[in-house]
Amino acid sequence: MATANQNPENIGFPMAQVVNFTTTNLSNGDPFVEPHTVSGPSGSFNVPVSAINIGNNKIVIPLTSNTSTGANFLKLHLPQPNSSTFYVTFCVKNRAMQDGYYDYTTGIPSDYRTDLRTFTRDGSGLIPSGGATYVKTLVFQVIGLDTNVTSAAVQYMVKFSAVFAGAGTGGSFPGVAGSFLA
Amino acid sequence: MGYIPSADTVYAVAYLTETGRAYLFDDNGSRFDVNGDDLFEITKFTLSDTDTNYQTILNLSTGEVPDVTGKSEGCLKTTANYVQTNLLAFVFDDTPTNVEYSTDLDGDILLIKEGDLPNKSAGENPPAPILVLGEGPFTFNPGGIN
Chain A
1 MATANQNPEN
11 IGFPMAQVVN
21 FTTTNLSNGD
31 PFVEPHTVSG
41 PSGSFNVPVS
51 AINIGNNKIV
61 IPLTSNTSTG
71 ANFLKLHLPQ
81 PNSSTFYVTF
91 CVKNRAMQDG
101 YYDYTTGIPS
111 DYRTDLRTFT
121 RDGSGLIPSG
131 GATYVKTLVF
141 QVIGLDTNVT
151 SAAVQYMVKF
161 SAVFAGAGTG
171 GSFPGVAGSF
181 LA
Chain B
1001 MGYIPSADTV
1011 YAVAYLTETG
1021 RAYLFDDNGS
1031 RFDVNGDDLF
1041 EITKFTLSDT
1051 DTNYQTILNL
1061 STGEVPDVTG
1071 KSEGCLKTTA
1081 NYVQTNLLAF
1091 VFDDTPTNVE
1101 YSTDLDGDIL
1111 LIKEGDLPNK
1121 SAGENPPAPI
1131 LVLGEGPFTF
1141 NPGGIN
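Chains as they are written, first to last, in the numbering used here: chain A, 1 to 182; chain B, 1001 to 1146.
Check the hints yourself; a few may be wrong.
In silico DSS-like cross-links for lysine-lysine, where the CA-CA straight-line distance does not exceed 25 Å [unchecked claim]:
(1) B:K1113 / A:K58
(2) A:K159 / A:K58
(3) B:K1120 / A:K58
For the record, the hints were derived by calculation from the structure and aren't laboratory data.
Whenever a hint applies, use it, and build me the whole structure from the sequences.
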């Protein structure tokens, strides 16, 4: 029997990163309670992002070109029906799980960290001698499900950053994960 | 279907159910719920033609409510205390069209720093994989079946 992941709400920060959405009725300034729906992701400048829909309202993004069992992924939990909450969790493909991916709850293993740094660095070139911080951006849009005013859609971004030491300082070269600085 | 005369004044006649009358006269304090909401307030209506029986020329008498099923030709008073739930209904739409969506993020950016993610504890291990037929290194012996 397949195993269920913990609810992201129960996993908690930082292993479950959360975004909450709200709607304001501009006619009277009051909040309007409604569920929300998210579209995306795309990369910066609308660069496509490799993403796989799994189950209901969940997307996984492979950190590397490997998508087989044991490979590392990001999992995006889009707002469920009657929900205004978006989560990011860190998972590994695992057939024993109900949705096919195991969400880490206490931390990430070293191979996951390496893959996440590679994903974040996104094939950038030689690291400067002074080191560098690389950022990978995923872009989403959200609207209210009931109000459905697409012209008022708000864009939000999930950014992953990693710090790399520079070459000549014990740091890294292209394709090689650098040492952690901060 | 309805007929609107050409006269200046148009009358609309409403018939209340037993429950509606109880709410109207606040029978035993029934009109307001625990939240103070007025239960007599009209919140739904139907555009379906539930209050006309073309098989009779009689008008409804005061207090009578038509047969909502439309299957009883001579019946005018059938729903003494009935909550109608299965007909197409329309709720007064108070959904705003002038809205602003927002997130609880600073600058609408969720920044996840790799360095802020802890190392996995030794006690956390994903479940052992389930053996799936067709994935294993199976071999087939073509001479095995006689």
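Here is what the structure says about each hint:
Proposed proximity of K1113 of chain B and K58 of chain A is supported: the alpha carbons are some 22 Å apart, at most 25 Å. Pair hint K159 of chain A plus K58 of chain A holds up; C-alpha atoms about 18 Å apart against a cutoff of 25 Å. The hinted pair formed by K1120 of chain B and K58 of chain A meets the criterion: a straight-line CA distance of about 23 Å does not exceed 25 Å.
Of the numbered hints listed earlier, not one is contradicted by the structure.
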